[in-house]
Amino acid sequence: MANARKVSFTLNGKPVEVSVEPRELLITTLRERLAHTGPHIGCETSHCGACTVDLNEMSVKSCTVLAVQCEGAQITTIEGMEQGGALHALQQAFHEEHGLQCGYCTPGMITRAYRLLKENPNPSEQEIRSGISGNLCRCTGYQNIVKAVQSAAKKLAAAG
Amino acid sequence: MFPAGFDYHAPQSVADAVKLLGKLGPEAKLLAGGHSLLPMMKLRFAEPAHLVDLGRIAELRGISESGKEIRIGAMTTEHELLNSKLLADKVPLLVEGAGWIADPQVRYKGTIGGDISHGDPANDQPALMLALDASFVLTGPKGERVVKADGYFLGLYSTQLAEDEILTQIRIPVPPAGSGWSYQKLKRKTGDFATAATAVMLQMKGKSVAKASIALTNAGPTALKAREAEASLAGKPIDEASLAEAARLAMSICQPTPDQRGDDEYKRAMCGEMTRRALEAAHARAKG
Numbered sequence: 001m002a003n004a005r006k007v008s009f010t011l012n013g014k015p016v017e018v019s020v021e022p023r024e025l026l027i028t029t030l031r032e033r034l035a036h037t038g039p040h041i042g043c044e045t046s047h048c049g050a051c052t053v054d055l056n057e058m059s060v061k062s063c064t065v066l067a068v069q070c071e072g073a074q075i076t077t078i079e080g081m082e083q084g085g086a087l088h089a090l091q092q093a094f095h096e097e098h099g100l101q102c103g104y105c106t107p108g109m110i111t112r113a114y115r116l117l118k119e120n121p122n123p124s125e126q127e128i129r130s131g132i133s134g135n136l137c138r139c140t141g142y143q144n145i146v147k148a149v150q151s152a153a154k155k156l157a158a159a160g
Numbered sequence: 001m002f003p004a005g006f007d008y009h010a011p012q013s014v015a016d017a018v019k020l021l022g023k024l025g026p027e028a029k030l031l032a033g034g035h036s037l038l039p040m041m042k043l044r045f046a047e048p049a050h051l052v053d054l055g056r057i058a059e060l061r062g063i064s065e066s067g068k069e070i071r072i073g074a075m076t077t078e079h080e081l082l083n084s085k086l087l088a089d090k091v092p093l094l095v096e097g098a099g100w101i102a103d104p105q106v107r108y109k110g111t112i113g114g115d116i117s118h119g120d121p122a123n124d125q126p127a128l129m130l131a132l133d134a135s136f137v138l139t140g141p142k143g144e145r146v147v148k149a150d151g152y153f154l155g156l157y158s159t160q161l162a163e164d165e166i167l168t169q170i171r172i173p174v175p176p177a178g179s180g181w182s183y184q185k186l187k188r189k190t191g192d193f194a195t196a197a198t199a200v201m202l203q204m205k206g207k208s209v210a211k212a213s214i215a216l217t218n219a220g221p222t223a224l225k226a227r228e229a230e231a232s233l234a235g236k237p238i239d240e241a242s243l244a245e246a247a248r249l250a251m252s253i254c255q256p257t258p259d260q261r262g263d264d265e266y267k268r269a270m271c272g273e274m275t276r277r278a279l280e281a282a283h284a285r286a287k288g
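Chains as they are written, first to last, in this note's numbering: chain W, 1 to 160; chain G, 1 to 288.
Bear in mind the hints are in silico, worked out from the structure with no lab data behind them. Just so you know, not all the hints are guaranteed correct.
Claimed, not checked - Quick list of in silico lysine-lysine cross-link-like pairs, BS3-like style, CA-CA up to 30 Å:
{"hint": "1", "chain 1": "G", "residue 1": "Lys142", "chain 2": "G", "residue 2": "Lys29"}
{"hint": "2", "chain 1": "W", "residue 1": "Lys6", "chain 2": "G", "residue 2": "Lys19"}
{"hint": "3", "chain 1": "G", "residue 1": "Lys85", "chain 2": "W", "residue 2": "Lys154"}
{"hint": "4", "chain 1": "G", "residue 1": "Lys287", "chain 2": "W", "residue 2": "Lys118"}
{"hint": "5", "chain 1": "G", "residue 1": "Lys187", "chain 2": "W", "residue 2": "Lys118"}
{"hint": "6", "chain 1": "G", "residue 1": "Lys29", "chain 2": "W", "residue 2": "Lys6"}
{"hint": "7", "chain 1": "G", "residue 1": "Lys85", "chain 2": "W", "residue 2": "Lys118"}
{"hint": "8", "chain 1": "W", "residue 1": "Lys147", "chain 2": "G", "residue 2": "Lys187"}
{"hint": "9", "chain 1": "W", "residue 1": "Lys147", "chain 2": "G", "residue 2": "Lys189"}
{"hint": "10", "chain 1": "G", "residue 1": "Lys211", "chain 2": "G", "residue 2": "Lys142"}
{"hint": "11", "chain 1": "W", "residue 1": "Lys14", "chain 2": "W", "residue 2": "Lys155"}
{"hint": "12", "chain 1": "G", "residue 1": "Lys42", "chain 2": "G", "residue 2": "Lys142"}
{"hint": "13", "chain 1": "G", "residue 1": "Lys19", "chain 2": "G", "residue 2": "Lys142"}
{"hint": "14", "chain 1": "W", "residue 1": "Lys6", "chain 2": "G", "residue 2": "Lys42"}
{"hint": "15", "chain 1": "G", "residue 1": "Lys211", "chain 2": "W", "residue 2": "Lys6"}
{"hint": "16", "chain 1": "W", "residue 1": "Lys118", "chain 2": "G", "residue 2": "Lys19"}
{"hint": "17", "chain 1": "W", "residue 1": "Lys118", "chain 2": "W", "residue 2": "Lys147"}
As the list claims (entries may be wrong) - Computed footprint of chain W on chain G; a stretch qualifies when at least three of its residues, placed anywhere within it, have a C-beta under 8 Å from a C-beta of chain W:
{"hint": "18", "region": "5-14"}
{"hint": "19", "region": "33-40"}
{"hint": "20", "region": "48-57"}
{"hint": "21", "region": "97-108"}
Claimed, not checked - Sample of chain W residues at the chain G side, in silico, Cβ under 8 Å:
{"hint": "22", "residue": "Asn3"}
{"hint": "23", "residue": "Val18"}
{"hint": "24", "residue": "Arg23"}
{"hint": "25", "residue": "Ser46"}
{"hint": "26", "residue": "Thr64"}
{"hint": "27", "residue": "Gly131"}
These numbers come from a predicted model, not from an experiment. Here a beta-carbon is modelled for each residue, glycine too, at the ideal position from N, C-alpha and C.
Could you put together the complete structure from these sequences and hints?
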């Protein structure tokens, strides 16, 4: 690669270093260099939210971030949600509330909901709907996704 | 979908960024939040040879009060505007407006400076800046100059920002106590640009309008200040007749581009409707 440069960041708690061209998008680095295929490529135009990851405590669409912008960053993907073999409360709630059908949007949806609940642990239904408005789901009609986020919020609050 | 190749630069200070811009010349573009520029680069509408990323420059972020104005670093994100207690208290129009921009993920990355300097009339900040009578600090090799938002927007993707300058700060005079405000935006779905939108600041004296400031989003090649509509309200009460006349005058300056959001006639009508609603909402909030 003509002008490749090294970029280091923390991915799901582990330090990683990659060599990338400046034009490489974060979603490509995650999927093709680091084998993290949880974040999906949907529209690739920053509309659908399937590629959402958590970057320095922000939900971002990784199709519209360059990997070179991530030097020193803390990145969490859906692969980093599970802890010690136990599903995250959001993952468990999406399973229990049937918050997915085809599942394509789910990694982005859960990663976005993770940050939403960090910022607002007890959101109203309306706050959940606007909070996930950057994530498109073409199967569920969102009803069960909202229920899943509400259910996870309750469980997380109860767990303290 | 990759952009064409480019070299990437991440200066740590405004001074270094200005030096880099001078050295790299017109083949360089500034990268702010990247949510307008990167999509354009992916579609090859833009193919800069160099990107100068402003994301590492701490001095370009933050919201503060200085005397009678609010100062906002150009790299402050829309998310930060939306969650600012200072803005909620002093310039609530900006908080309301930020909430209408794009979607949550885009607001974490999108910046007020990028939104303004992209020069896209479909962006929301240009009209908000016109309504708030904001000024912009432009920093270049010869130092700083301060220009008014009114006059900054020259045409589609064209502003007063020179190729060797960086928009570093936005300055907003704190509106007088009791001012009413509203941003009314019609859009087809979350994340879409406005079919039509209107920003209003309103000062009342008793039952009469003391001062109205009205600006329109996506109604022409730049955000538009609806001067005749503003003047028509001076000294009048807000009622059906004055609202209808202000809406008519706002519609009269529209030059909307027909697209999938609507034809000229529909967009013009919606601009009038957003203007009427924004004035009504601002009036309900104003204390004269």
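Verification of the supplied hints:
Taking the CA atoms of G/Lys142 and G/Lys29, the gap is about 19 Å. The hint holds against a cut of 30 Å. For the hint linking W/Lys6 to G/Lys19, the alpha-carbon distance of about 24 Å falls within 30 Å, and the restraint holds. For the hint pairing G/Lys85 with W/Lys154, the CA-to-CA distance comes to about 27 Å; that is within 30 Å, so the pair holds. Annotation: proposed proximity of G/Lys287 to W/Lys118 is violated, straight-line Cα distance about 37 Å (limit 30 Å).
Distance hint between G/Lys187 and W/Lys118 is fulfilled; the C-alpha atoms sit about 29 Å from each other, no more than 30 Å. A hinted pair counts as satisfied when its Cα atoms are at most 30 Å apart, and G/Lys29 with W/Lys6 qualifies at roughly 22 Å. Pair hint G/Lys85 plus W/Lys118 holds up; C-alpha atoms about 19 Å apart against a cutoff of 30 Å. For the proposed pair W/Lys147 and G/Lys187, the alpha carbon gap of about 27 Å is at most 30 Å, so the pair holds.
For the hint linking W/Lys147 to G/Lys189, the alpha-carbon distance of about 22 Å falls within 30 Å, and the restraint holds. Between G/Lys211 and G/Lys142 the CA atoms are separated by roughly 37 Å; this puts the pair beyond 30 Å, and the hint is violated. For a cut-off of 30 Å, the pair hint linking W/Lys14 to W/Lys155 stands: about 27 Å separates their Cα positions. Only pairs whose Cα atoms come within 30 Å are accepted, and G/Lys42 paired with G/Lys142 is rejected, the gap being roughly 34 Å.
A distance of roughly 11 Å separates the Cα atoms of G/Lys19 and G/Lys142; the hinted pair therefore holds under the 30 Å criterion. The suggested pairing of W/Lys6 with G/Lys42 holds, with an alpha-carbon distance near 22 Å, which does not exceed 30 Å. Taken as a hint, the G/Lys211 and W/Lys6 pair is broken in the structure, with Cα atoms around 56 Å apart against an allowance of 30 Å. Of the pairs offered as hints, the one joining W/Lys118 and G/Lys19 is violated, with about 40 Å between alpha carbons and a cut-off of 30 Å exceeded.
Pair hint W/Lys118 plus W/Lys147 holds up; C-alpha atoms about 17 Å apart against a cutoff of 30 Å. Under the rule that three or more residues need a Cβ within less than 8 Å of chain W, the assignment of the region 5-14 of chain G holds, with 5 such residues. Interface restraint, the region 33-40 of chain G with chain W: holds (4 residues with C-beta to C-beta distance below 8 Å; minimum three). Counting residues of the region 48-57 of chain G whose C-beta sits closer than 8 Å to any C-beta of chain W gives 3, which meets the bar of three, so the coverage hint holds.
Here's how the region 97-108 of chain G fares: 6 of its residues keep a CB closer than 8 Å to some CB of chain W, so the rule of at least three is met and the hint holds. For W/Asn3, the suggested interface contact is upheld, since its CB lies about 6 Å from the closest CB of chain G, less than 8 Å. Interface hint status for W/Val18: violated, as the beta-carbon distance to the closest one in chain G is roughly 14 Å, over 8 Å. Annotation: W/Arg23 was flagged as interfacial toward chain G, and the flag holds, the nearest CB pair being 5 Å apart, inside 8 Å.
With 8 Å as the threshold, the beta carbon of W/Ser46 comes within range of chain G, its nearest partner Cβ sitting at about 6 Å, so the hint holds. A distance limit of 8 Å between C-beta atoms decides the matter here; for W/Thr64 the minimum to chain G is near 5 Å, and the interface restraint holds. Look at W/Gly131: its Cβ gets to within about 6 Å of chain G, closer than 8 Å, so that hint holds up.
Hint compliance for this structure: hints 4, 10, 12, 15, 16 and 23 are not met, and every other hint is.
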